[in-house]
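Chemist: Next come the chains, spelled out residue by residue.
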Amino acid sequence: MSKKDNKYLISYGEAIGTVTAQSIGEPTTQMVLGSLHSAGTSLTITTTGLPRIIEILDGRKVPKKPSMTLYLEKDIAKDYDKAKQIRLSIESVSLEDVTESYSEDLIARKLKIELSENIMKQKDITVDSLINLLQAENKSISVKKIGKNTIEISLEDKNKKMKLIDVRDRFNKIMHSNIKGIREIKRVVIMKDKNDEYYFITEGSNIKEVLNVEGIDKNRIYSNNPFEMYEVYGIEAARATIIKELHAAILSETSLSLRHVLLVADTMTYDGTIKSIGRHGVVGAKSSVFARAAFEETVKHFVNASIFNEIDRLNGVAENILIGKQIKLGTGRVILSLKKSDLPKLLPLKERERSEKGKEKKQIEESK
Amino acid sequence: MASNNENAAYVLLNGKPIGRVVDPLAFVKEVISFRRKGLIPNSINVAYIKKLNEVHINADRGRVRKPYIVVENGKSLLTPELKEKLKRKEISFNYLLLHGIIEYLDAEEESNAVVALREEDITKDTTHLEVDGASIFGLTMNLTTFNEHNTVAKHHLGANFIKQAQGVYALNYSKRFDSRAFLLYYPQRPLIDTAAYRKLNLEKHASGQNFVVALTTYFGYNMMDAVVLNKAAVERGLARSAFFKSYIAEERRYPGGQKERFAIPPPTAEGYLGESVYSKLSDDGIIEKEMDVKEGEAIIGKLSPPRFAEEPSISGGTPIEKHKDSSIVLKPNEDGVVDEVLFTETLSATKLVKVRVRSIKIPELGDKFGSRHGQKGVVGLIVPQEDMPFTKDGIIPDMLLNPLSLPSRMTLSHLLETLAGKAASYSGRTIDETPFTEKNGYEKVKDYEEILKRYGFNDMGNEVMYDGRTGKPFESKIFIGVVYYNRLWHMSSLKLQVRSTGPVQLLTRQPTEGKPRRGGLRFGEMERDALVGHGASMLLKDRMLDQSDKTEVWICKKCGNLAYYDYIKRQPTCYIDGPGDFVVSVEMSYAFKLLLEEIKAMHILTTIHINTE
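Protein chains in written order, with our numbering: chain A, 1 to 368; chain B, 1001 to 1613.
Honestly, the hints are just simulated from the structure, not real lab data.
Bear in mind that the values here come from a model prediction, so they are computed numbers and not experimental data.
Some clues are possibly wrong.
To be verified - SDA-like, lysine to any residue: derived pairs with alpha carbons at most 25 Å apart:
1. A:K275 <-> B:Q1547
2. A:K328 <-> B:K1557
3. B:K1593 <-> A:I323
4. A:K112 <-> A:K123
5. A:K340 <-> B:V1586
6. A:K244 <-> A:T18
7. B:K1600 <-> A:R87
8. B:K1593 <-> A:E310
9. A:K325 <-> B:K1557
10. B:K1083 <-> B:F1436
11. A:K325 <-> B:P1516
12. B:K1593 <-> A:K244
13. B:K1600 <-> A:K123
14. B:K1600 <-> A:T18
15. A:K328 <-> B:D1546
16. B:K1558 <-> A:K123
17. A:K300 <-> B:R1454
18. A:K286 <-> B:F1436
19. B:K1550 <-> B:I1610
20. A:K74 <-> A:S94
21. B:K1600 <-> A:F295
22. A:K325 <-> B:F1436
23. A:K325 <-> B:I1608
24. B:K1550 <-> A:R87
25. B:K1593 <-> A:K123
26. A:K286 <-> B:H1609
27. B:K1550 <-> A:G204
28. A:K74 <-> B:G1533
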């Protein structure tokens, strides 16, 4: 066990950051060349490959394709009908989705909508409940039922002060207003896992709203957006999300040791917030003026350093190469910590005698 | 013709709409028939573009056009009787053009034409016939043989190699002063050529030699596209060439009546390089013909006037004009014999001198060779003749080509040329291999085999070969033949470069980059990261500091500013705090010192705290 343990230990002074950067950087440059092959497939819910890796490392607040994985509560986990029912309460439905046809009268400020009976049934919506929802969602409108599946919406604009283009805008908004489910979640797919449990994969993500939905297991909510995980569950959850997503994105194309990913996730999250890898995040937070200036925006960093009287203690790698000192990594990390006066005691006996005689003074490497 | 019909096609003359026509196809047919009858000039082309429903008539300049034989009712208008008359020179090409038997098509009209490659390919839809099968290729492509047996990519490669070949680039080469030129010592015309090759008179500008090539390996010295050469063949003059380089100097005039002057620079001249450098110049400052010159020696001595007018000396005497040496000196790796010296005048009536230096380039390791089929390789080894494989007739190949370089590239033409070249060299007749003639590949191979059989071969060019070192026959037969090879102008002697210490840049004191500046190879950012990743800190320091721009800088410990060493008082001195022990010497990169000074120029003071324990 201890043998195995030692195998994974990193030796003192190992440049893990550089090795990580190279280990991730090299395969990603290869991925640029091979990423065209996935252009035609539109079925994927999440972004993959290089764009996804960049997205995670940049620490973007809203990823291109957010997605959630939701499990049902344990007692109803294997019930397909329940799952379908819960799906209806999550998946967002807009007025436009249930519309068969519509006509708008801009001057009379009236919008006549013929609803599709079929889709209404599918989405479990009645006309009356729809009218109530619309009234609640949109201000200053009145909704009337004029046929079996026909409703009329009229804007309350007595003085007719509104411009026609604004009326049109208003109608558009009403058509797109959310009448059921969670607005952000565009689509929900029911999947079955190894244990015959049903779970959802969603297109779009909103953890806060999902927490209120009954039947969803609150302990197994997962979003692929680290920022959302950070806002709801905290930094540790965000770190775990970064590790999972980054590793999955890289593993889909090449192989990479998890330890590199762990290091990246730790650097991104160690101060309690998510920082990007780059000028605005990790590099921008470096303590050395020279290291920051060597990366990007040289002048800006020097000017700011002069304003705040910054002192560079020359502890990093970039700054020591710049001024021409041995870097404090690898072979340059170890220092001989002996007193100069103790050094002769360490010499072999013969040489010690010789040096004690004082005729030939051996030059001894000096320690700092 | 004009109509208001919505479906009527627009007619555009040189891109401008001039009217509409209801039946565009009939219209186009009519215009073409007028042209063939000679009623309108034959430089007019007309085409109906179905996608746009437009008729384009073009009579403007700048269209690329190509001749075709007209086919009517499934029959070529160039009848056997006409062909006979052509042969007897009773009629000319222009006769055919005037009588509408041959017509020129431009790109647009061509897209409506159905062109047959051969006469037997003509169907009822065919509108035109190629004048010659080879005319589907351009000029350069027609210089390579067996084109119809190759992939397109190899055509381009082969044509490119002909452009890069050393040969007889111009027949008046002895009177020319090209800045760089190559001349092959013993150029040969190819044994296998094309009609276009002969028509272009390229036999007089031959760019290669017919090599005896055996398809076999030689201890891995010809793997990965290397080739092995026969040393005796090289010494006999195989692919030997001369390299000419011309140097130009002019007596330039400067404003103020000052003038440059050709002369041997006196030791007092500014930038004088030493007596030995100018020892080969004659009294007029120009080198003589047929003189041996080596690197670092001057071939044209020249004096420039001083950059600034000399101030009168304090003692009152007349100022001595100190001229600047601006002689032309041979750069490293350049040597040879002065081939020709030319004295002339420029348009502004100043003296102009051109010196052409010649040197012999014998094939050596790393020189590049290429056949006309996109098969290229560099010399990997030059083997003594006695160690090369030989045939029972005592034929020893000039070149050993690795057989693995053929299957993956699918250059069948290379194999065909090997066989055809062998047949041609035994029969003593060159073989014409213009692409798309009557015979197919199988028939061609049969023909060559027939020739070879007459000279005692019966195995498609394969022969039993014997190992030159042991005299024992190889287990399998080896394919050996004659291929026309070009020596390309990528040669190791012109690219070789070495630096231990050398010139540095003025601004940063870092080593220069690039061959003309005797520079080093850049140790870049990614290389730096690799060393960091390995933790090799001392090696990194060696590269970035010790072998680069290491300097000693004096720094004042009191104020932290850059100080200097006062050589008169012999003590380090700070600009602010004066001389003293507190001014210490620090080792750093010159680039960093430069950075500190540049920041200072931005009104940012950077001080250095020195920790001494």
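Chemist: It remains to establish, for every hint, whether it holds in the given structure.
Modeler: Consistency of the hints with the structure:
{"no.": "1", "hint": "A:K275 <-> B:Q1547", "result": "38 Å, violated"}
{"no.": "2", "hint": "A:K328 <-> B:K1557", "result": "24 Å, holds"}
{"no.": "3", "hint": "B:K1593 <-> A:I323", "result": "8 Å, holds"}
{"no.": "4", "hint": "A:K112 <-> A:K123", "result": "21 Å, holds"}
{"no.": "5", "hint": "A:K340 <-> B:V1586", "result": "23 Å, holds"}
{"no.": "6", "hint": "A:K244 <-> A:T18", "result": "22 Å, holds"}
{"no.": "7", "hint": "B:K1600 <-> A:R87", "result": "66 Å, violated"}
{"no.": "8", "hint": "B:K1593 <-> A:E310", "result": "19 Å, holds"}
{"no.": "9", "hint": "A:K325 <-> B:K1557", "result": "18 Å, holds"}
{"no.": "10", "hint": "B:K1083 <-> B:F1436", "result": "19 Å, holds"}
{"no.": "11", "hint": "A:K325 <-> B:P1516", "result": "32 Å, violated"}
{"no.": "12", "hint": "B:K1593 <-> A:K244", "result": "46 Å, violated"}
{"no.": "13", "hint": "B:K1600 <-> A:K123", "result": "71 Å, violated"}
{"no.": "14", "hint": "B:K1600 <-> A:T18", "result": "32 Å, violated"}
{"no.": "15", "hint": "A:K328 <-> B:D1546", "result": "17 Å, holds"}
{"no.": "16", "hint": "B:K1558 <-> A:K123", "result": "81 Å, violated"}
{"no.": "17", "hint": "A:K300 <-> B:R1454", "result": "85 Å, violated"}
{"no.": "18", "hint": "A:K286 <-> B:F1436", "result": "70 Å, violated"}
{"no.": "19", "hint": "B:K1550 <-> B:I1610", "result": "18 Å, holds"}
{"no.": "20", "hint": "A:K74 <-> A:S94", "result": "31 Å, violated"}
{"no.": "21", "hint": "B:K1600 <-> A:F295", "result": "20 Å, holds"}
{"no.": "22", "hint": "A:K325 <-> B:F1436", "result": "70 Å, violated"}
{"no.": "23", "hint": "A:K325 <-> B:I1608", "result": "14 Å, holds"}
{"no.": "24", "hint": "B:K1550 <-> A:R87", "result": "70 Å, violated"}
{"no.": "25", "hint": "B:K1593 <-> A:K123", "result": "73 Å, violated"}
{"no.": "26", "hint": "A:K286 <-> B:H1609", "result": "21 Å, holds"}
{"no.": "27", "hint": "B:K1550 <-> A:G204", "result": "58 Å, violated"}
{"no.": "28", "hint": "A:K74 <-> B:G1533", "result": "49 Å, violated"}
Going down the numbered hints, you'll see the structure goes against 1, 7, 11, 12, 13, 14, 16, 17, 18, 20, 22, 24, 25, 27, 28, while the others check out.
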